[in-house]
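Asks: Start from the sequences and build out the full structure, keeping to the hints where you can.
Protein sequences, first through last, are from chains E and P. Counting in the working numbering, the first sequence runs from 1 upward without gaps. Counting in the working numbering, the second sequence runs from 1 upward without gaps.
Because the hints were derived from the structure by calculation, they are not lab data. The structure presented is a predicted model; accordingly, all values stated were derived computationally and were not measured. Using N, Cα and C, we set each Cβ at its ideal position, and we do this for glycine too. Among the hints, erroneous ones may be present.
[Claimed, not checked] In silico negatives: residues of chain E with every beta carbon more than 12 Å from chain P:
(1) Gly-285
(2) Asn-495
(3) Pro-514
(4) Ser-708
(5) Val-958
[Said to hold, decoys possible] Pairwise CB distance ranges, derived in the manner of DEER restraints:
(6) E:Gly-679 - P:Leu-311: 44 to 54 Å
(7) P:Leu-141 - E:Ala-940: 30 to 40 Å
(8) P:Arg-154 - E:Thr-43: 27 to 37 Å
(9) P:Phe-144 - E:Ser-116: 43 to 53 Å
(10) E:Gln-643 - P:Ile-323: 47 to 57 Å
(11) P:Glu-67 - E:Gly-301: 46 to 56 Å
(12) E:Arg-683 - P:Leu-106: 53 to 63 Å
(13) P:Tyr-150 - E:Glu-950: 35 to 45 Å
(14) P:Ile-323 - E:Gly-679: 38 to 48 Å
(15) E:His-232 - P:Arg-154: 47 to 57 Å
(16) E:Gly-679 - P:Ile-371: 30 to 40 Å
(17) E:Asn-500 - P:Glu-67: 56 to 66 Å
(18) E:Ala-940 - P:Glu-67: 34 to 44 Å
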Amino acid sequence: MSELDRRDFLKIVGLSAGAAATAGCDDPASKLIPYVIQPEEITPGIAVEYASTCQECSVGCGLHVKTREGRPIKLEGNPDHPINRGTLCARGQASIGRTYHPDRIEGPATRAGDGSLQSISWDDAKNKLAATLGSSARKTWILGGHVGPSLDSLLDEIVDATGIAGRLNYEPFGQQALIEASKQVFGVAAAPIFDVSGADLIIDFGNDFMDTGMSPPEHARQLSENRDVAKHKDGGARIVAVSARQNLTASNADIWVAAAPGSEGLLALALAKAVADKRGAGSVGAALAGANTKAAIAAAGIDQATFDKVAEKLASAKHAVALPPGIAASSSAGAGAAAAVLLLNVVVGAVGSALTYPSVDAKPTSSLKDVLALVDKMKAGAVKCLLIHDLNPVFSLPASVGFREALAKVDLVVSFAPLEDETTEVANLLLPNHTTMESWGDANPREGVRSIVQPTIRPLFDTQAMADTLLGVARIAGAGDSLPSGSWKSVLESNWSGSNWRQSLALGGSFTNPPKREVAVAASAANLRPSAPRLQGSGDFTVVAFPHSYFGDGRGAALPWNQEVPDPVTKISWTTWAEISMAKADEMGVVYGDVVKIDTGAGSIDVSVYPRGGVRDDVVAIPIGQGHTVGFYSSMAGDEQPQPGVARGANVADILPAALDEAGGQAFVSTRASVTKTGNFRRMALSQWTDNQRKRGLAPEVSLYDLSKGAAAAHFFASSAEASEEAHGETFGEEVAQEESAGHHFEGPPFEFDAANDSNPDQPYRWGMTIDNDKCTGCSACVTACYIENNVSIVGETQAIRHREMSWIRIERYLGDGEDDIHDGAERRPTPDGEVLGENEVRHLPMLCQHCGAAPCESVCPVIATYHTPEGINGMVYNRCVGTRYCGNNCTYKVRRFNYFDYGRKNWPGLLGLMLNPDVTVRGQGVMEKCSFCVQRIEAARQPAKDAGEVIADGAVVTACQQACPSGAITFGNVKDTSSEAVQKQKQGEDRAYRSLQILNTRPAVTYLAQVRREENEGAR
Amino acid sequence: MAPPPASAVADAMNPPTGRTGPPQDSQINIDIMAVTKGFHWPWLIALLLAVSGVIMAASALVWQTYEGLGVAGYQAPVFWGVYIITFVFWIGIGHAGTLISAILFLFRAKWRNAINRGAEAMTVFAVLTAALFPLIHIGRLWKFYFLLPYPNQRYLWVNFKSPLLWDVFAVNTYLTISLLFFIVGLVPDLAVARDRAVGWKKAVYTIASGGWQGTGKQWKAHNRAVLHLSGIATPLVLSVHSIVSWDFAMSIVPGWHATIFAPYFVAGAILGGFAMVIVVMVPVRRIFKLEAYITDYHFENMSRFILFTSLICGYAYGAEYFIAWYSGIEFEQTSFWLRAFGPYWFSTWCMIMFNCVFPQLLWIKKLRTNIPFLFVLCFFINLGMWFERYVIIITSLSREYIPAAWGLYIPSTVELMVLTGSFCWFSMFFLLFLKMFPIIAIAEVKELAIHAKEPGHGGAH
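Replies: What follows is the structure in structure tokens.
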């Protein structure tokens, strides 16, 4: 097959170039080998994109895999894909690293008696498994995560054909409770699909829909359009977030209700009752009988006024929608809570518009209950062979389940994981699967969205698609007759025979608009009696185990970007932390970084504490996903002082009981805990230790009222003048304030390009950016995208603790306008004491090189290593940089990064160097680096434009951060072209446009649009 | 400062042997050249310590060069640290030497003659030490030539707008002039050394003294050369540290961007420089028994300089705070508030106490002539001057415009080793110098002695 030959060739080219790049530490590459026969679709230097599907979580976003000379180097969203429409979250961006990961298992292997691995051939491996199947198929089980529909049915066929006892299709973050609730309320066995684009009020019952919810990129996009103040003068939807800790959604919400965990159902039903009392209950009257407002308020631990305010908002909203509890809010009463939320949706009239059901039922999946049953069988010795795929149960199952011990009783544990993890560590037979970038597959995240997974690189190692392995084993075991012939790819292709295969490959799948299912409230809804959750154990705190923004159930922890990019809420990276309230911290005498022992009945862990105002007194909140003992990045094995086998952070599963909700899924709000001081201190990597912007107006805010009155600009500038008046002292306040507000217009309104000061009038371009802070949710997708696009090094925890992270763009997080008292001094043990429970003052500010027109960094460089290009970009000549670092000192925005070590060579272990973007220089030791406005993308757009004799069209250059942003907060373009989108956005947002530190007259190319406050915040500072 | 009465000079120059009257020419030769001869245990121990310190620092540097600057304490946003602090410190130290040899020469302040050789040597060695630090600071030493405007075919040029480039020129000029001044001043004394040396040393001194015969013509030429070099060096006393100060003042960093920086730095440099002269000369005088030549009177005069410049420094510190408050700029206000009460309060209070408060004790004459006291005080002034640069550089950088990017810097072991090594490097040169060249300008002291003997040049001077 000629195609295979070409791919083989690509593989060799890729490997040799990669080997040269990574092994370059010792022996620099001296030859570039051109293609002997150039593949038709590849032009060296030009990226080729293939459509595929992200497999990091169950959302199923479409991908465009950007490949260069046969190597995937970057993932971007597929613009044609109906779910993510071209954007991609941080986790999705990072998932490209799996293919090149140092944890890759390089081929099939068996574990010898002494625990060491011995590689074997695929034939031997299959024969071994087939022999086991032949002798004890009835005692063989498959335990795996969710897979695509084609693989799912193939696995079922294989189970049937080989006589395997059973297969569990289990995700730790499953949707059983929601499906169960749908059954109860509507009689529909499917998960609802939420669309927030038309809502005018969104009430999030712990779903965290902007960060770890049901479909974050999709919802962020819908929300951004919904709340675009340029289009919707009323400010669009209001957001009410109910959560025990201030998660990312709550930090972007207009109202944050800090309700006790597990009280969501009671609260939702009480709210439904309150709304029904005002509007009429309609068909759900009977179902509301269980509502008890007083009990709900008491259980939630909120005050009546807050409840009334939310009820009032809900009653007066025309298009409210309520989002069901997510993982952090799942409890023993989880299905009941979800049902109550669905009922609330009925009452507010969201069903059919914001909440719809697919016309097909969800395929049944396995729950934790099923897994527990399997574990019991294992413990009883009734399982001889266990096949584990797409799941890391040794890590993610609660330790109290005893999975590891049960596994010891299984004769043959087979793992298909492509990367080493805690499960492969104890498996007897490793049959490594391809990674997503190397495999065929499909996904069906929802009805009407059939999405395809296609390989974009030849397998780097001796791996095999799991489906092919199992087909091979089944054939050896003599079960081939009842199975489809051919390879997994041909099976997949035949599954897609109904649609145009090649077109689907190009498009990324086949997307249709399915009919909506009409649903009505079922009679069983009347039985709804949401209850408070059952909590095991004792202690002052309820454990809230919440999904980390990037780790999912823990599988994301392997990826270095997920570790390095700070958590968007706390700004902590590389470790686990425990959030407790400031009051409790004071009581216990602990401050930031002090290690506390968290003890539940089920176990105990030691975690560094992060006291904050934004968490309830009765809660200790711990992120899920850290605490791995295996993995280069996920454990301490790849640390600066490597400690193989030592956990990075702590695994919250170690302290969780195996608690179930009504549908058998895992209840994460399940236990109480005692928190005690240990007296130890462990410093955490905290990228930002103060959230006080000291009234410097770095991230200002405009009220919707002022905006609607057209008075925002005046008010905005007046308030900055006010701030400066305070700063300037009484005597000179007025005078300086006038100067300053004039100063704001020094170059005309801030959105206008300053033509009078244009040093390059002949140039058609002045590149600039508009960032809408009102749209930014802080999700940090842009940060990860930038890391990968620009070969930004991962520095690791030890260096991150020392603020040596290399990020070119960061999300700064401030609380309100800040205090101008000059209290300081606790930097090593900081406390974000600006947070107040139930209030939300968070401002997210993406900060990157501002490409100043009068850049302070440029004038001080003695060797002109940083200079101004005629197109207005603040350029860096890495080869010219001697490393005086004066530019870094003089940069007022502190966006310059220094290569303290030889990161470029040393921090791309294994084959990770293969994913370096060849268009971007890998920086050497001792040079400065910073955001380049993705100059390589500008250059890529320039050539076609030049060939056509035109200027680069608006929109032809999309920076990596802009491309990734699910909210569309970032717009890049030529600000000399007043019709460009970047300028148009500035004009539309004229009343809230500002430039950072305008008073310094650095003339930045980045224009920010201030955040809009839609609701007055009582007690706001 | 009025010159001392002749009797005072005569008294002061009374050798401890009990001879009366000022030392004779030959006696001066013997006394001073005695330093270079013989064997002094303290000298050897000091030299061994210094050399081992240099070796330690060199190994730290090799490691830093191999590993990268990450082994130093730098962390965003503090990109300058101990190396730049120490650079500014040593450049400052040099200034007293130039002031003594050039400005006081022009002002005909005769008392300088006894200390100017030591001070000049100190200048040269201090600048030699300082000049290492920009290279150490950039980490990749081999890239240093990028900073020089050398012709090349790639049309690469340096940025004359950058204060760092001005620094390159300022420091190089300073080094050249100081070295020339030092060498020219040495020539007559080298001839003395030549006359008294035997063997290979004689050959070395013969070449070094350049055929000096002490003829009238040679003396005339020599004096003119010294005069001209003094004229050239005088503005350098002001300009070099002004330019160094512009590394900071020309930037936009709150706490750096101040017009007072040039005079403030020059005053600080002279304060630190005189303090260093005293710290160096006290043990030298004691060990080599030079009390007849370097007298309490010299120390008192230097104390007066210290008192004067310490007042200027105190004024500058005050002015900085006043302007920060008066400007109404919150960035400046915060920066200065945090200097005194933020995480680096310790260094700030060290600076204020050692540089401004303690030197006020010098208003008391008894203390001005109390050598042990002066030694201790000057030691602390040197510490204070180092902390002054620490405060300016570190506290300002750690608290700039973007609070989200605020961070702390703590010097690493490597940096402290190099810092220690820089003192050893300086001491090593100075100790070797002691044994090779006359520490006191013989000819000039003779001149002083002659003047003191002549009645016409007595008390009415």
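Asks: Would you mind marking each hint as holding or not holding in the structure?
Replies: Hint check results:
With a closest Cβ-Cβ approach of about 52 Å to chain P, Gly-285 of chain E is found to remain outside the 12 Å limit, as its non-interface label requires. With a least beta-carbon separation of about 50 Å from chain P, Asn-495 of chain E lies farther than 12 Å from that chain, consistent with its non-interface assignment. Its beta-carbon lying about 45 Å from the closest one in chain P, Pro-514 of chain E satisfies the requirement of being farther than 12 Å from that chain. The Cβ of Ser-708 of chain E sits about 31 Å from the closest Cβ of chain P, beyond the 12 Å cut-off, so the non-interface label holds.
The non-interface label for Val-958 of chain E is consistent with chain P: the shortest C-beta to C-beta separation is roughly 26 Å, beyond 12 Å. Separation of Gly-679 of chain E from Leu-311 of chain P is about 50 Å and conforms to the stated range, judged on CB atoms against 44 to 54 Å. Our hint of 30 to 40 Å for Leu-141 of chain P and Ala-940 of chain E holds, since their Cβ atoms are close to 37 Å apart. For Arg-154 of chain P and Thr-43 of chain E, the Cβ-Cβ distance of about 30 Å falls inside the hinted range of 27 to 37 Å, so the restraint holds.
Between Phe-144 of chain P and Ser-116 of chain E the Cβ separation comes to about 51 Å, which falls inside the hinted range of 43 to 53 Å. For the pair Gln-643 of chain E and Ile-323 of chain P, the beta carbons lie near 51 Å from each other, so the given range of 47 to 57 Å is met. Checking the proposed 46 to 56 Å range against Glu-67 of chain P and Gly-301 of chain E shows it holds: the Cβ atoms sit about 53 Å from each other. Distance hint check: the CB atoms of Arg-683 of chain E and Leu-106 of chain P are about 57 Å apart, consistent with the given range 53 to 63 Å.
Between Tyr-150 of chain P and Glu-950 of chain E the C-beta distance comes to about 42 Å, which sits within the given range of 35 to 45 Å. Distance hint check: the CB atoms of Ile-323 of chain P and Gly-679 of chain E are about 46 Å apart, consistent with the given range 38 to 48 Å. In this structure the supplied range 47 to 57 Å holds for His-232 of chain E paired with Arg-154 of chain P, their Cβ-Cβ distance being about 55 Å. The hint said 30 to 40 Å for the Cβ distance between Gly-679 of chain E and Ile-371 of chain P, and at roughly 51 Å that hint is violated.
For Asn-500 of chain E and Glu-67 of chain P, the Cβ-Cβ distance of about 57 Å falls inside the hinted range of 56 to 66 Å, so the restraint holds. Distance hint check for Ala-940 of chain E and Glu-67 of chain P: the Cβ-Cβ separation is about 36 Å, which falls inside the suggested range of 34 to 44 Å.
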